[in-house]
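There are 8 protein chains.
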Amino acid sequence: MSYSYNRLNKDDVALLMVDHQSGLLSLVRDFSPDDFKNNVLALADIAKFFEIPTILTTSFEDGPNGPMVPELKAAFPDAPYFARPGQINAWDNEEFVAAVKATGKKQLLVAGVVTEVCVAFPVLSALEEGYEVFVVTDASGTFNQTTRDAAWDRMSQAGAQLMTWFGVGCELHRDWRNDIEGFGGLLAGHLPAYANLIQSYEQQSLAHKR
Amino acid sequence: MSYSYNRLNKDDVALLMVDHQSGLLSLVRDFSPDDFKNNVLALADIAKFFEIPTILTTSFEDGPNGPMVPELKAAFPDAPYFARPGQINAWDNEEFVAAVKATGKKQLLVAGVVTEVCVAFPVLSALEEGYEVFVVTDASGTFNQTTRDAAWDRMSQAGAQLMTWFGVGCELHRDWRNDIEGFGGLLAGHLPAYANLIQSYEQQSLAHKR
Amino acid sequence: MSYSYNRLNKDDVALLMVDHQSGLLSLVRDFSPDDFKNNVLALADIAKFFEIPTILTTSFEDGPNGPMVPELKAAFPDAPYFARPGQINAWDNEEFVAAVKATGKKQLLVAGVVTEVCVAFPVLSALEEGYEVFVVTDASGTFNQTTRDAAWDRMSQAGAQLMTWFGVGCELHRDWRNDIEGFGGLLAGHLPAYANLIQSYEQQSLAHKR
Amino acid sequence: MSYSYNRLNKDDVALLMVDHQSGLLSLVRDFSPDDFKNNVLALADIAKFFEIPTILTTSFEDGPNGPMVPELKAAFPDAPYFARPGQINAWDNEEFVAAVKATGKKQLLVAGVVTEVCVAFPVLSALEEGYEVFVVTDASGTFNQTTRDAAWDRMSQAGAQLMTWFGVGCELHRDWRNDIEGFGGLLAGHLPAYANLIQSYEQQSLAHKR
Amino acid sequence: MSYSYNRLNKDDVALLMVDHQSGLLSLVRDFSPDDFKNNVLALADIAKFFEIPTILTTSFEDGPNGPMVPELKAAFPDAPYFARPGQINAWDNEEFVAAVKATGKKQLLVAGVVTEVCVAFPVLSALEEGYEVFVVTDASGTFNQTTRDAAWDRMSQAGAQLMTWFGVGCELHRDWRNDIEGFGGLLAGHLPAYANLIQSYEQQSLAHKR
Amino acid sequence: MSYSYNRLNKDDVALLMVDHQSGLLSLVRDFSPDDFKNNVLALADIAKFFEIPTILTTSFEDGPNGPMVPELKAAFPDAPYFARPGQINAWDNEEFVAAVKATGKKQLLVAGVVTEVCVAFPVLSALEEGYEVFVVTDASGTFNQTTRDAAWDRMSQAGAQLMTWFGVGCELHRDWRNDIEGFGGLLAGHLPAYANLIQSYEQQSLAHKR
Amino acid sequence: MSYSYNRLNKDDVALLMVDHQSGLLSLVRDFSPDDFKNNVLALADIAKFFEIPTILTTSFEDGPNGPMVPELKAAFPDAPYFARPGQINAWDNEEFVAAVKATGKKQLLVAGVVTEVCVAFPVLSALEEGYEVFVVTDASGTFNQTTRDAAWDRMSQAGAQLMTWFGVGCELHRDWRNDIEGFGGLLAGHLPAYANLIQSYEQQSLAHKR
Amino acid sequence: MSYSYNRLNKDDVALLMVDHQSGLLSLVRDFSPDDFKNNVLALADIAKFFEIPTILTTSFEDGPNGPMVPELKAAFPDAPYFARPGQINAWDNEEFVAAVKATGKKQLLVAGVVTEVCVAFPVLSALEEGYEVFVVTDASGTFNQTTRDAAWDRMSQAGAQLMTWFGVGCELHRDWRNDIEGFGGLLAGHLPAYANLIQSYEQQSLAHKR
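Chains as they are written, first to last, in full-length UniProt numbering: chain A, 1 to 210; chain B, 1 to 210; chain C, 1 to 210; chain D, 1 to 210; chain E, 1 to 210; chain F, 1 to 210; chain G, 1 to 210; chain H, 1 to 210.
Don't read these hints as lab results, they were simulated from the structure. Every value quoted in this text rests on a predicted model; they were computed, and no experiment measured them. A virtual CB, placed ideally from N, CA and C, is assigned to each residue, including glycine.
Listed next, with one range per pair, are the computed distances between beta-carbon atoms:
no.	chain 1	residue 1	chain 2	residue 2	range
1	D	Q157	C	K209	50 to 58 Å
2	G	G185	D	A188	41 to 49 Å
3	D	K73	B	E94	42 to 50 Å
4	F	A207	B	E71	34 to 42 Å
5	B	K73	C	G189	15 to 23 Å
6	C	E181	D	N6	50 to 58 Å
7	D	K48	H	G185	55 to 63 Å
8	G	Y5	D	G104	20 to 28 Å
9	C	A207	B	A79	21 to 29 Å
10	C	A74	B	S4	46 to 54 Å
11	B	R177	G	E95	58 to 66 Å
All chains, please: the whole structure from these sequences, using the hints.
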């Protein structure tokens, strides 16, 4: 039973950001708030950097779930945006699915809150329709580690691939030479430990130039 | 090898609550007592909300294992209830299996104590008989995390799907518009963090009305 | 340097509940939401059971901090309640301090959100004024374990005693014979593991009576 | 792809205890010493209780690896015992394999130290030869949790089932009525929390008899 | 401010075992059941080995708290034993205190369940009366780590010394030559990792004798 | 022995930022990189907000330790800045101490990398000279949790107070009315969970205005 | 669906060491620095001991990623070494792949930094080309445990086997008699706990010889 | 109550290494074996670097406790070395104490196995005699974290200062200029993360020289 490595390809991929809303984010406890905010915004920056079609959706924005995180709105001002009237599984929203199909892509990146519902349900629906689905695990959050473990297992057994924003960025970029400064800047902005390395390096370069 | 997402469907599903007895609950240490109690009762409320046929069973109620949790008895006064005379695997009890079959459902939610025995054994038996089986992982408890990890792996590899009470509720409800107040109340009662969101929201609504 | 054990005495003690508000509770991550809710309500039940003068206070109820938890309002309908106009340290609010002094008690139980601010500040202020101060640690929450550890150390070094709701209840009750059913019921309501013991015990008693 | 639940059957199963030696046990750090000792001896008691053919093996007993745990020797005085002259994978020892085959069983329980070598290697070898293999995970130990996780994944993906001594005992016993006192005693001896339940129960029974 | 190291002295010390009852033990979750059982019995063996006057006490044996652990009863058949009629703090029971005083010892070892109540209260009372108090921390258990941390801090700040059964045994024994076989046997019986060392050592000694 | 609560007072306090250098930051592993970066920058923002005299220092900037974090340089362009030629304890650098004394403040906030050296040494030196010293624990990092625990204990026992950036900000601000928007903005920028609350609140306010 | 255990065979295997560079190592936080250094060097020693063809590769050595760890260079002075000009997936570098193919081996051991990129990408590529791939999990590091869990799952589901350096060494060695001193020395050098066993053993042997 | 910072001074300090024996090291489980070995050897290197009088002692070398770690013997070939005939507290061995006193030092560094006995007992004895005592916490190990926490608390409350080998080295060195290469080399040898920084730095320096 041979394995085929269908890599993320920036021309084949769309990103679905599901229910990153200010109220729902209060429920996320499998990441520290700083880490989670950083992960979500890093994923957004990746999508912009690679010009990946991105689709936003929320549930009950006007109620306790709260509005979509403003940074996401700002990042994707022209992205299709679906405030679902009630469907829990975004894939049950016909307009949302139509938008996904309109991208013409066969690979889907999915991130959202909470993992076992807002992420897992559309992931399983998309798998059924034959999409290659990649869960951006660290831009998806939920109540606790136990819940996450169960959700990851369900999605993985169904055929979804578990990734992280950093892995997604690197698999899309393929080769640093495609834009070394741009991609390096993106990483530095979201990986403080990598930014430190750059800092030390540049300071020393500067010193030698003097 | 295509994947088919057979979602939980409230018309196709039955719930099996296995051995949630006061003595056995003392053995559960992979959840805090508060969390576990809440999870079990949340699952019960979900079953009632969606009017899912529920079957209760216990082992050796009259001995150290203790009686079934009284809240469960109260929640399902008319449910089939089997005090097994000795079978460890509930599926070895013919009356229990007959009751399961009598529901006419093909999807089974299973929760119980302890996970690697009282849950895993009937889960594997039901899978063999062709049921779609969904383990409600957080309403199932056991001695420690290591034991749980092994039990989850065994059930997952056999084809069971690992879920949580919240995921189960959302997959069954499908659309908030089916009963927004009812389902919201259910969640608020079992997710204190969500109740807080509602609280803040309602207070502010009230303020603006004044 | 002799040690004097000035025990909590129900006639000498007042309880201060500081900023248990729906918004602020979203910030608490050193307890699971179920555990924390239970701890706070257990403390409230203890105060009611022993008829301990209780003083409530909040900060910016009308803003993002949200309203006081409704269960607390309901528990203490007649308690002095101070919605502070801006003081972060409740002890900087003259009316609050006046109410504390008006109780005539020399022992103070303090719980609140977040631990290193809303609890620690009035605790340190009260210590300076000569009160015996007992922090109800598990009815006080904050951002994470590191922050909690620092806050506990600061209060402990200043002379505050670190307790928990269960310890407080037991130190106040002194002797089960003072009201065995009342106190037992209180514990059973907030300690699921203890409720299980009672359950098993009562079932067996019943069986023998038959 | 239908699933077949080939349960552990006491007439079909043999137990392989691999390298539980006093020196090697010093290396086990994914369990506390008390827990691990208890788990290993519980498994031994189960094998004796169900009269399961058991095969013991060690590597380099006379060197730093040390002798087999004396309790195991005492438990299985007549069991085939192979002090391997050098083979790391017990399955590379022809006499060991001959003894396994001589049992005529098709199900193998395997436990040992360390998990990723002394357990995993014979497990994979036995799977290749068509045995149904069950890893007794909590009677198998290794250097740390990371190593364990990798070893479990490798064995699980190859088709081994991950179990625990408690699950093994219960799956073999099937029905309490087969020997309620014997099996209960076995559990009480290795599950202090269960022993406590029995204690409370019996004391109360006694009280009512008086 | 000079420090005086008043070591545990076997002629100066008494042991108080408070509320190690089968029901209450179900509540202990800051140790694994195997570890906790071992710790409590190790402490008992130490008391017997050094012939330390030991006083046992329980609360509500006939109710859900359950009977004292039978191993403790068996270990100290002639020890003073007080089934308190209701006092939560054992030190509030006059007979118990009289028995403590009757030992004529000035150093007290205290262990019990649960730490922040059954241990902490008599510890603080005894400190007030001028006793040197040593908490046997690992033979004392409670609901969770947070509760334990608070209880330890309160007792430590009041002047109690935090020890463990192993430290207690070693501080009492002073010199291996006082009874090398007896004390070694005691340790081997309760420290599996130490028993392994002995095993390896003795096997090698034996080999060389041959 | 009465306790005096000498609160942080913005007119009495200076901040010492010790060795937050890009190389040394690579060593910090008791916080996630995202959390630690946020904590350090939050402390810097607090100092700027309250116009607290701030003194910066580094060790061996030109070597592997790397340059001070650029955000700190940018935050305090005019602050005294001492690149120590070799002294490990910043307090051994006369110019640094002179600058501290020149501030005329008696309260010192200290943060740095690594905690047990770059923070602890000047903290102990300053305590000896009679300063009130407050360690900003979460803006100070080190190799691991064990090292941190030891360092915290040493400083606490010497009389330093353990705080966090949030506690520092709140103790300095005293009353929200002093600048509600400014302080709220500061918190929102560094507490994503608090920013979410504000977000939800403002959205709802906006909705009602429409 | 039968399982075939294609064991690691020293004549069939090549080792790929990917991006163990001084800068990138700063990012590894799922192992302690001591543990990780030891694991990487242990793997190198294994490759040398079994004379396994080893291929080294780095990315951007001259930039912040830093040079390959000098111990690896020293260990494999004659190994093919590819400083990739920009390809993130080493398998995208034609020379690297050519070197892999030139080894003529069908089994590949892969280790590197960071796990979800530098390890996972070439692992998936090699699987696609039909290699048997073994991930040396503990000689591969990344940002945190969550990221690691996702990466392991992706590789495992694709068919890679998760191993550790110790498992690799033992599976290659097969039989201690092949070189008992050499292999024992290798283990002693990298397993301090095993070195201790040898120490005790040899001291006792020596004593008996005297 | 003023605080006096009596810093570690290389002319005033002696080091006591207590019972780092191959058998006893098997018992240490509050550090990974790699970490602990590194910590102990780092402390030894510090003592040699600063020419600190060092005293070694062991208990029952010829029995299961095993010989002193050979690296320590090699590090201190001429150090006083006391194989205690039976005293558990090294301070009960008159020759050991005489050797300590003969050093003429008033500051003592103490490290050993296990923390709550072999370290704590001589620490408390030395405190009583007026020494300034510094526990090298990370070169001291014991059974588990709980035991360590209790031991640290007891020693800290008695007046010992909790340090780590890195803190000790830095407090002794005072100023890098005293020997920048020597001390840097020492750190690089025991802090892999620091060695990485040096590596990156030197490579870049070299590059610029070319």
